[in-house]
Amino acid sequence: MNERLRFVFGVHDHQPAGNFDAVIAGAVAAAYHPFFECAWRETDLPLTVHCSGSLLGWMREHAAPTFDLLGQLAASGRVELLTGGFYEPILPMLPDWDKLGQIQRMNDFLRESFGVRPRGLWLAERVWEPQLPKVLAEAGVEFVVVDDHHFALAGLDPDTLGGYYLTEEQGAPLAVFPISERLRYLIPFAEPGEALRHLEARGEVGSVTLVDDGEKFGVWPGTHRLVYDEGWLRRFFDALRSAPWLEVSTFSRVLDTTRAQGRIYLPTASYSEMGGWALPAAAGEELEEIRQRLAVLPDGDRLLRLLRGGPWRNFLVKYPEVADAYWKMLDLSRRIQRGLEARPGDRGLLAARERLWQGQANDAYWHGVFGGCYLPHLRRAVRSALIAAEAQVAAAGGEPPLRWEARDRNGDGRVEVRVCTRQLTLTLCPESGGALTELAFLPLGFDAADVLSRRREAYHGRIKETEAAPARSDGPALSIHERLEAKEGGLAGLLQYDVFRRASLLDGLFPAAGSLDALAPWDAALLAGPRLAMTHAVRESEGVIRVVLDVAPAGTLPLHVEKSVAVHAEGARLTVGYRLEWAGAEPLAARWGVQFNLALSAGDAPGRYYRLPGRPSLGSRGVAGGQRGLTLVDEWLGGEIGIHWAAPAQVGWAPVETVSLSEAGFERIYQGSAILLAWPVRLEPGRSQELALEVVVRALG
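Be aware that the sequence shown starts at 1, since it is given in this note's numbering, and climbs by one per residue.
Just so you know, the hints here were simulated from the structure itself, not pulled from any lab data.
Note that this is a predicted model, so its numbers are computed, not measured.
For every residue, glycine included, the Cβ atom is placed at its ideal position computed from N, Cα and C.
Among the hints, erroneous ones may be present.
Restricting the straight-line Cα-Cα distance to at most 16 Å, the calculated cross-link-like pairs of lysine to aspartate or glutamate (EDC-like) are [to be verified]:
#, residue 1, residue 2
1, 487, 663
2, 487, 299
3, 464, 485
4, 464, 488
5, 487, 465
6, 464, 667
7, 487, 694
8, 134, 168
9, 134, 169
10, 134, 96
Restraint-style ranges between C-beta atoms, simulated for each label pair [stated by the list, open to error]:
#, residue 1, residue 2, range
11, 624, 589, 16 to 24 Å
12, 68, 96, 28 to 36 Å
13, 490, 68, 26 to 34 Å
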């Protein structure tokens with residue numbers, strides 16, 4: 001019998017699909033490679049490593065020495081590799097066939113690259129749902145790793161946890177190891193001796209686990225200097241080796257030589273911070289207040305254990321833009337699966353499935369301290385993969401070049417109208433005034449409607465106090481979750497929130513005089529179209545699908561609005577028409593406004609500008625009268641979006657900017673550009689006026 005405490009220690013390394021090459025290269029140089037070098041020198045300390053498939057693929061192509069070093073560690077038995085979904089998806093959100101497929105894809109990669117068969121699985125963001133054991137067992141997974149927070153929510157005391165527990169679903173067994181949250185906060189921010197004292201105090205539990213983000217060993221602010229330049233990791237390994245009561249081990253060794261501590265059924269959960277992030281802002285603030293009030297009590301730690309936030313799936317409610325990607329992903333997954341069942345081995349469908357799996361990468365589907373869905377390039381990577389998958393499915397299935405459907409596509413109980421051509425896919429929401437929430441340009445693989453709305457976040461209340469506080473030194477915080485610095489001044493002034501989701505073709509009636517804010521005009525509106533539930537009819541003719549939206553006079557304003565959106569088979573082109581009929585007793589003098597919210601790759605960056613006099617950047621703010629059009633140009637993406645109209649109109653533009661929290665602190669992020677067209681409207685009783693515009697998306701050159 002082994003009387004020494006076993007310590008399972010390792011890292012989880014991940015870089016999102018679509019992240020910038022320079023960022024990944026920096027992480028490899030600052031954290032992953034030096035950690036592997038340290039592990040290679042420690043011949044008597046076996047460690048655990050999980051690298052996501054997207055990172056492994058990048059390293060194989062761009063960082064061969066690091067990739068080969070990891071292979072040598074695995075082949076020598078010094079490192080136990082964990083599997084996972086290849087593109088690091090949130091597994092519970094996937095259909096089971098994609099869960100199995102992504103895990104098998106990862107297993108095949110590890111076997112072909114390193115000659116190993118992983119037994120355990122790293123669960124992305126430790127998002128656990130009780131139905132997982134059955135499908136994981138079918139994938140050949142013997143154990144998973146989650147936080148001790150999950151066990152606390154099941155009623156167990158984290159201070160007494162050790163070893164592993166057994167759970168099941170429909171009789172399919174799975175071992176579950178708890179990660180020590182206390183060690184997550186100590187390593188590498190406290191001196192090694194403090195972590196050793198905590199381990200020694202746990203000496204009766206059999207084994208203790210810590211597998212945590214590899215980025216905290218070199219990428220997080222101040223950690224490279226701490227971990228390598230100041231020798232923290234070397235001193236930590238020395239401390240582990242010198243403790244006679246401690247044995248560094250691997251999961252497989254613990255699993256093969258010790259009994260389970262017992263059975264457990266874990267509730268839906270992730271790590272404790274994620275639960276707070278998943279809540280609506282007001283509830284998140286309340287949860288944080290409760291935590292602070294309990295923490296000062298003598299038994300506060302015990303009381304905090306049963307506190308939980310929201311489930312991970314709340315992000316699909318909190319951010320409708322995220323939900324749109326999720327529902328698109330589900331629809332594509334079903335179509336691909338049906339196709340492969342009918343035509344196994346179809347190359348077009350297999351290619352579509354690979355792009356689908358890339359579009360399941362978790363990073364753009366949630367938000368926390370690491371940016372997540374607030375980072376446009378991560379959202380763009382996911383959406384681009386899904387756009388490519390859809391085009392491949394359509395080609396493989398021989399679908400007509402011009403098609404449409406009207407149904408509830410996103411589970412909100414409302415019908416959306418979707419129109420597809422060879423070059424363009426768009427989605428209209430009749431019950432939100434005909435708002436345009438998708439404008440995907442297939443040749444370049446980007447969705448121009450992907451603009452994240454400005455929403456209140458629970459941490460926004462702390463920005464003013466952060467801006468007033470003196471700047472920290474460059475040393476690491478106690479934990480990344482406590483690093484609340486502002487990357488620039490004046491961020492509090494950006495904390496304004498949107499009345500409506502940032503879509504396009506948001507229209508309304510405005511007073512005849514006075515300035516209109518292109519970014520937020522709705523307080524001045526006499527009639528706000530996004531509040532109108534419109535009826536719709538779809539009319540198909542040769543080469544054109546026309547969606548006609550209609551609403552009777554609303555409230556006390558006797559204005560009848562008909563709106564039509566025609567999508568043309570040839571070219572990425574749509575024409576939009578308005579017919580405004582006035583039934584009031586007195587003449588109407590007003591303005592009709594139409595707001596677009598469009599996303600390209602950046603705001604104030606070279607090659608991103610409006611084709612207007614002076615070429616103002618997409619991140620600029622301005623207004624011009626008597627215009628008949630403007631074009632947004634992105635030379636980096638290689639595309640442009642032109643909006644043109646016949647009747648002269650005033651046009652204003654402004655950047656859509658959010659304030660979010662990342663590992664570097666509070667930061668401003670350009671999400672897209674708001675453009676507001678405003679035409680004068682003068683109507684006698686019983687008369688009507690028609691307005692029209694055209695939108696064309698094209699590749700440059």
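Evaluation of the provided hints:
1. Simply put, residue 487 and residue 663 have alpha-carbon atoms about 11 Å apart, close enough for the 16 Å limit, and the pair holds.
2. For a cut-off of 16 Å, the pair hint linking residue 487 to residue 299 is broken: about 37 Å separates their Cα positions.
3. Taking the CA atoms of residue 464 and residue 485, the gap is near 11 Å; set against the 16 Å cutoff, the hint holds.
4. A distance of roughly 12 Å separates the Cα atoms of residue 464 and residue 488; the hinted pair therefore holds under the 16 Å criterion.
5. Of the supplied pair hints, the one linking residue 487 and residue 465 holds, its CA atoms being roughly 14 Å apart against a limit of 16 Å.
6. A distance of roughly 13 Å separates the Cα atoms of residue 464 and residue 667; the hinted pair therefore holds under the 16 Å criterion.
7. Of the pairs offered as hints, the one joining residue 487 and residue 694 is violated, with about 40 Å between alpha carbons and a cut-off of 16 Å exceeded.
8. Between the alpha carbons of residue 134 and residue 168 the distance comes to roughly 7 Å, so the proposed pair stays at or under 16 Å and holds.
9. Among the hinted pairs, residue 134 with residue 169 is consistent with the structure: their alpha-carbon atoms are about 5 Å apart, no more than 16 Å.
10. The straight-line distance between the Cα atoms of residue 134 and residue 96 is roughly 10 Å, inside the 16 Å bound, and the hint therefore holds.
11. Judged by the Cβ atoms, the range 16 to 24 Å given for residue 624 and residue 589 holds: they are separated by roughly 22 Å.
12. Between residue 68 and residue 96 the beta carbon distance is about 35 Å. The supplied range of 28 to 36 Å therefore holds.
13. At about 47 Å, the beta-carbon gap between residue 490 and residue 68 misses the expected band of 26 to 34 Å.
Of the numbered hints stated above, those contradicted by the structure are hints 2, 7, 13, listed in ascending order.
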